[in-house]
Amino acid sequence: MLAPALLPLVPTPATAQPARPRPPVTVGAAVVASPSPYAGVDEQPLTAVPFLNLELGRFYLRGLEAGYRLGERGPLSVAAVVQPRFQSYHGSDSPALAGMADRRRTAEGGLRARLRTGRFEAGLRAVGDLLGRHGGQEVTADVGVRLGGPDLTLSPSAGVTWQSADFVDYYYGVRDGEARPGRPAYTGEAATNRFVGASARLRLAKRWGVFALVRHTWLDDPITASPIVDSDTDSSGVLAVTFAFGV
Numbered sequence: 705m706l707a708p709a710l711l712p713l714v715p716t717p718a719t720a721q722p723a724r725p726r727p728p729v730t731v732g733a734a735v736v737a738s739p740s741p742y743a744g745v746d747e748q749p750l751t752a753v754p755f756l757n758l759e760l761g762r763f764y765l766r767g768l769e770a771g772y773r774l775g776e777r778g779p780l781s782v783a784a785v786v787q788p789r790f791q792s793y794h795g796s797d798s799p800a801l802a803g804m805a806d807r808r809r810t811a812e813g814g815l816r817a818r819l820r821t822g823r824f825e826a827g828l829r830a831v832g833d834l835l836g837r838h839g840g841q842e843v844t845a846d847v848g849v850r851l852g853g854p855d856l857t858l859s860p861s862a863g864v865t866w867q868s869a870d871f872v873d874y875y876y877g878v879r880d881g882e883a884r885p886g887r888p889a890y891t892g893e894a895a896t897n898r899f900v901g902a903s904a905r906l907r908l909a910k911r912w913g914v915f916a917l918v919r920h921t922w923l924d925d926p927i928t929a930s931p932i933v934d935s936d937t938d939s940s941g942v943l944a945v946t947f948a949f950g951v
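Reminder that position 126 of the sequence shown reads as 830 in the working numbering, one-by-one numbering, no gaps.
Everything labelled a hint here was simulated from the structure, so no lab data went into it.
Even glycine gets a Cβ: it sits at the ideal position worked out from N, Cα and C.
Treat the hints with caution; some may be incorrect.
[To be verified] Now the in silico label distances, taken between C-beta atoms and shown as ranges:
(1) Pro799 / Leu760: 47 to 53 Å
(2) Val849 / Asp936: 24 to 30 Å
(3) Pro788 / Ala869: 19 to 25 Å
(4) Val918 / Arg762: 40 to 46 Å
(5) Leu819 / Ser796: 40 to 46 Å
(6) Ser796 / Thr896: 27 to 33 Å
Please put together the full structure from these sequences, using the hints given.
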């Protein structure tokens, strides 16, 4: 489990790092694009979401993630996190999904650890379903590097994501009552997906900026074997325009 492995590394208040200057508050609007891997779903509508970065003591909001910093020791930081999961579908989304019960969005929570050394960064995140939708867990490990300067920063990364059998079965499984000719019942198993990605931050002026993120994922066999999936990859992207206060 992630928590027992990381909690011994969290400093007590007596050994915690001195308080650092509070970063500026950043607000903006973002558009999220995530083409669907489900059969017959050719287009996925863009989702507009607010973009907000702020810190209040140990609490923070960073994009769509809310967190509470449990502690820092040197280059290592550990936080408890909560985030939304937008993955979902309706049985009416395509003929191939007709008769399937809707799979719903949810919220997930868990722990995130980051290790920074110079321009390099490694992360480990473990989250579980908080609303009882998929009832599963997801663990992601990634490494990345920051390139560029204060006006333009590029951050390529790569990693793997493990998704539990409950997670895969909820989003990609076919229940007995949902089986149809050409769509047999299918029970999902745990999957490990590989991904590469990159983010970019461009400062347009002292307060204005643009943030972009793209990710390409290779889906594991327990997902691609599902009769409701017709793609072996999954891609997503985020584009946001931001405005910073306090700079």
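Taking the hints in turn, this is what the structure says about them:
1. Pro799 / Leu760: 47 to 53 Å: holds (48 Å)
2. Val849 / Asp936: 24 to 30 Å: For aspartate 936 against valine 849, whose Cβ atoms are near 27 Å apart, the range 24 to 30 Å holds.
3. Pro788 / Ala869: 19 to 25 Å: holds (22 Å)
4. Val918 / Arg762: 40 to 46 Å: Between valine 918 and arginine 762, where Cβ atoms are some 31 Å apart, the hint is violated.
5. Leu819 / Ser796: 40 to 46 Å: holds (45 Å)
6. Ser796 / Thr896: 27 to 33 Å: With a Cβ separation near 31 Å, serine 796 and threonine 896 satisfy 27 to 33 Å, so the hint holds.
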